[in-house]
Amino acid sequence: MPPRRSFPPLLWIPAGVGLALLVLPLVGLVVRAPWGQLPALLSQSSVALALGLSIATSLISTVIALVLGVPLALVLARSYDWPAIPRRLIRALVTVPLVLPPVVGGVALLLLLGRRGLIGQFLPFQIPFTPAAVVIAQVFVAMPFLVLSVEGALRAVDTRYEVAAATLGASRFTIFRRITLPLVAPGIAAGALLCFTRALGEFGATITFAGSFPGRTQTLPIATYLQLQTDPDAAIALSLVLMLVSVVVLVSLRDRWVPGVTA
Amino acid sequence: MRLLAALLLLALAGCSGPSPTPSTTDFDPVSPLSGEVTVFAAASLTETFERIARVFMQENPDVTVTLSFGGSSGLATQIAEGAPADVFAAASPTTMQASGATGAQNFATNVLEIAVPAGNEAGVTGLDDFANADLAIALCAVEVPCGAASDTLFKQKAITPSVDTYEQDVRAVLTKVELGEVDAGLVYSTDVEAAAGAVQGIEVDSAAVDYPIAQLTDNEAAAAFIAFVLSEKGQKMLAAAGFGAAA
Amino acid sequence: MKASLAVGRGSFSLDIELEVAAGRTLALLGPNGAGKSTALAALAGTVPSSGPITVGDRRIEGLPVEQRRIGMVFQDYLLFPHLTVLENVAFGPRVLNFLNPTDVAKTWLDRLGILDLASHRPPHLSGGQQQRVALARALATEPELLLLDEPLAALDVEVRDSVRSDLAAHLRALDIPTIVVTHSFEDVVELAQDVVVLEGGRVTQRATVRELIKSPATAYVRKLVAAWGED
Chain D
1 MPPRRSFPPL LWIPAGVGLA LLVLPLVGLV VRAPWGQLPA LLSQSSVALA
51 LGLSIATSLI STVIALVLGV PLALVLARSY DWPAIPRRLI RALVTVPLVL
101 PPVVGGVALL LLLGRRGLIG QFLPFQIPFT PAAVVIAQVF VAMPFLVLSV
151 EGALRAVDTR YEVAAATLGA SRFTIFRRIT LPLVAPGIAA GALLCFTRAL
201 GEFGATITFA GSFPGRTQTL PIATYLQLQT DPDAAIALSL VLMLVSVVVL
251 VSLRDRWVPG VTA
Chain F
264 MRLLAALLLL ALAGCSGPSP TPSTTDFDPV SPLSGEVTVF AAASLTETFE
314 RIARVFMQEN PDVTVTLSFG GSSGLATQIA EGAPADVFAA ASPTTMQASG
364 ATGAQNFATN VLEIAVPAGN EAGVTGLDDF ANADLAIALC AVEVPCGAAS
414 DTLFKQKAIT PSVDTYEQDV RAVLTKVELG EVDAGLVYST DVEAAAGAVQ
464 GIEVDSAAVD YPIAQLTDNE AAAAFIAFVL SEKGQKMLAA AGFGAAA
Chain P
511 MKASLAVGRG SFSLDIELEV AAGRTLALLG PNGAGKSTAL AALAGTVPSS
561 GPITVGDRRI EGLPVEQRRI GMVFQDYLLF PHLTVLENVA FGPRVLNFLN
611 PTDVAKTWLD RLGILDLASH RPPHLSGGQQ QRVALARALA TEPELLLLDE
661 PLAALDVEVR DSVRSDLAAH LRALDIPTIV VTHSFEDVVE LAQDVVVLEG
711 GRVTQRATVR ELIKSPATAY VRKLVAAWGE D
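Protein chains in written order, with the working numbering: chain D, 1 to 263; chain F, 264 to 510; chain P, 511 to 741.
Just so you know, these hints were derived from the structure itself, not from any lab. Each hint should be verified, as a subset may be incorrect.
Not close to chain F: a few residues of chain D, all C-beta gaps over 10 Å, as computed [stated by the list, open to error]: (1) PRO9; (2) VAL63; (3) LEU74; (4) ASP81; (5) PRO101; (6) GLY114; (7) PHE173; (8) ILE207; (9) ALA210; (10) GLY211; (11) SER212; (12) PRO214; (13) TYR225; (14) LEU226; (15) GLN229; (16) LEU244.
Residues on chain P that point at chain D, a partial pick, calculated with CB under 10 Å [stated by the list, open to error]: (17) SER547; (18) ALA551; (19) PRO574; (20) LEU589; (21) PHE590; (22) VAL605; (23) LEU609; (24) ASN610; (25) VAL614; (26) LEU665.
C-beta atoms are modelled at their ideal positions from N, C-alpha and C, and glycine is treated no differently.
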């Protein structure tokens with residue numbers, strides 16, 4: 001006799017509602033899509049421009065987030081023997097972009113890196129209204145996802161493996177490279193995925209800090225928003241593209257790299 | 264509370280000497296106006312309509328006016344999709360059409376004006392400077408009324424602007440100018456007025472843009488609000504903000 | 511090797527001296543909490559201690575863990591789960607820049623009779639197999655001192671005896687000093703020649719295994735010898 005599953009049937013109600021809440025809007029999108037006009041709407045050069053810009057900047061932002069975020073996650077994960085105040089401060093600072101409304105984040109970036117910004121005024125080049133600004137805005141809002149995800153994975157790694165590696169003669173950097181990183185790789189992959197998709201969908205910080213110019217700073221979410229003003233069908237078409245990209249990213253990641261997130 | 268207000272106004276009405284010409288609010292002291300009015304208005308109307316609504320609510324204490332500002336085209340789309348607005352005040356006849364509203368009346372006009380950061384460090388003097396690639400320029404996106412108007416203006420003057428960013432509504436352009444992030448932007452003269460001190464204006468020779476207003480639902484208070492906007496009081500407040508009279 | 515270990519950790523303190531000649535195995539015997547594992551940690555360098563430690567002709571106290579040239583077999587083996595058996599054993603040689611890490615690893619796997627497990631991954635191995643891999647991994651770096659922390663505790667009772675005999679044979683073939691930490695008297699008898707009894711952070715008896723059986727110095731040892739004698 002198969003073992004009884006310990007899943008209370010009553011939980012299906014809130015679970016079902018939750019699932020419906022997440023899925024039905026997407027169903028609505030697909031149903032109302034102007035399938036007949038799709039080829040015409042999507043073949044406009046502005047669409048290709050926006051899509052290319054979005055994917056390129058999101059990829060770059062994810063790479064930057066990995067390079068900066070993984071060490072930061074390590075600092076956070078191994079900070080248990082620090083005094084309380086610096087430890088809590090760093091953790092709070094890393095979490096701030098998550099709770100800040102993205103537009104506020106954009107304004108903050110302007111005040112720091114804009115032409116008259118705290119740092120920006122001393123720079124020989126201008127940052128706002130460039131693709132670099134798009135990347136910076138995306139890193140600001142998306143990196144915390146990666147940091148917190150990797151930190152969680154790092155805390156779950158048995159630190160005694162690192163001790164064993166040390167007794168075998170490995171230096172601290174070698175231990176990080178050959179033992180810690182590989183053991184934490186699934187967590188890093190999950191964090192990178194979250195970061196990429198968050199960067200892809202970023203709107204408020206980008207439009208405030210980087211502005212909007214086709215091919216340069218007009219990402220797909222911004223293009224979609226602008227289209228919504230005059231041509232909702234075009235906006236729906238662009239939304240479908242964004243949805244498709246997200247699904248492709250999710251599906252192409254194999255399960256053993258991101259266990260639990262993919263099918 | 265209603266009864267008290269009614270009695271008070273009844274008394275006042277009786278005390279003001281010769282029977283007063285009914286103001287355009289068509290105020291009936293016996294059954295005062297009440298209810299809620301949701302107004303969708305173009306971003307360039309922000310301060311002015313807030314003032315108008317405040318005075319309207321003072322005169323009609325039982326009416327609550329809720330204002331929602333944004334790019335007219337976005338608002339028009341929302342209305343077409345069924346957003347619960349009672350009144351729509353748009354920045355162009357085109358967007359009013361797009362919303363599907365009928366029976367619109369023009370209540371004001373506006374003209375485009377160049378906005379530069381206070382101090383005008385870049386030394387902008389006119390529309391020709393917009394073609395200068397070394398300057399940071401912000402314009403409204405062509406999908407919104409002020410963007411369409413800007414586009415027409417530049418085509419008329421045969422100037423190709425070297426734009427750095429197309430913003431999603433006129434207030435976003437204004438903000439970028441205020442913050443000094445761009446050297447110049449093209450906004451409405453009322454926006455320059457609203458941000459006086461933070462920006463300087465340079466007049467341009469542009470055609471006036473009509474602002475229509477329409478009632479969307481069968482709401483007595485909404486009709487009263489529109490009438491108030493069109494009344495002498497409302498028109499004075501619009502003029503004070505820099506709007507031109509309706510054509 | 512010769513060591514004076516003094517460790518103070520909160521309310522616990524350890525103050526002992528150990529001496530083991532090359533080719534001999536010392537058993538560090540004592541009840542739980544006596545400080546046996548702490549002594550090993552102090553030798554390996556994962557816990558700070560004061561007092562000179564000499565291994566071979568080197569003074570290693572004060573050196574970081576990775577420079578002490580000590581091989582350690584942990585109670586839970588701690589085989590790297592993301593590497594194959596071969597990669598686990600080759601890890602040390604590779605990190606220490608040996609000429610042919612893979613060949614060195616294969617040699618050790620062969621010596622311990624587990625060459626056929628080379629491409630397996632640790633989670634799929636039995637306890638006895640894991641123990642041999644852990645031993646090979648520690649020895650592949652050619653350490654100057656070998657430490658084993660409760661090497662049989664993680665095994666099922668049924669396999670302990672056979673694994674113990676195998677381990678005894680391997681240890682006898684080594685020519686470096688070896689210390690085995692255990693609370694089991696069977697381990698002491700089969701694996702070691704000398705014994706140091708540790709109780710409450712202090713040495714209570716220092717003897718060869720035979721001497722210990724003949725004249726146990728404390729009640730604790732007497733009990734263990736008596737229980738062992740009944741088998």
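Hints and how they fare:
no. : hint   : verdict
1   : PRO9   : 38 Å, holds
2   : VAL63  : 26 Å, holds
3   : LEU74  : 36 Å, holds
4   : ASP81  : 44 Å, holds
5   : PRO101 : 16 Å, holds
6   : GLY114 : 5 Å, violated
7   : PHE173 : 42 Å, holds
8   : ILE207 : 7 Å, violated
9   : ALA210 : 8 Å, violated
10  : GLY211 : 3 Å, violated
11  : SER212 : 5 Å, violated
12  : PRO214 : 8 Å, violated
13  : TYR225 : 7 Å, violated
14  : LEU226 : 5 Å, violated
15  : GLN229 : 4 Å, violated
16  : LEU244 : 23 Å, holds
17  : SER547 : 12 Å, violated
18  : ALA551 : 9 Å, holds
19  : PRO574 : 8 Å, holds
20  : LEU589 : 8 Å, holds
21  : PHE590 : 6 Å, holds
22  : VAL605 : 5 Å, holds
23  : LEU609 : 15 Å, violated
24  : ASN610 : 16 Å, violated
25  : VAL614 : 13 Å, violated
26  : LEU665 : 19 Å, violated
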